[in-house]
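According to the numbering used here, the stretch in the sequence shown is residues 27 to 138, in order.
Don't take every hint at face value.
[Stated by the list, open to error] Okay, derived cross-link-like pairs now, DMTMM-like style, lysine to aspartate or glutamate, Cα gap no bigger than 20 Å in a straight line:
#1 Lys81 <-> Glu48
#2 Lys103 <-> Asp134
#3 Lys90 <-> Asp135
#4 Lys103 <-> Asp135
#5 Lys58 <-> Asp68
#6 Lys81 <-> Asp68
Rather than coming from a laboratory, the hints here were simulated on the basis of the structure. Please read all numbers here as calculations on a predicted model, not as lab measurements.
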Amino acid sequence: MVKPILFTFLASFLTCMAATDEKGFTSIFNGKDFTGWAGPLDNYQVLDGAIQCKKGKGGTIFTKESYADFVVRFEFKLPPGGNNGLALRYPGKGNTAYAGMCELQVLDDHYE
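Modelling step: build the complete structure from the supplied sequences, incorporating the hints.
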């Protein structure tokens, strides 16, 4: 079974800009609201066309739709000391760090 694309927001905020549909690409975020997404959506807001984690909140949000063969393109902002990531093929339940997926770590490991 193909699993959904997942955005893991571990702390602070990750900004993923609404993509314009280019030939061969499908945007998974419309830049306006969380249509097509699941998880603790009350912990996030859409601000200026981007997904932003509310202060002191977080959790795993993920697409309701599943994707098979794909290329992911996204933009992010990470505050000093931030630790976030983009996880692929999350099954929709369980601990996102271990539940059958692969994570692209977005981490400020030079913060002191």
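Legend entry - Enumerated hints in conflict with the structure, sorted upward: 1, 3
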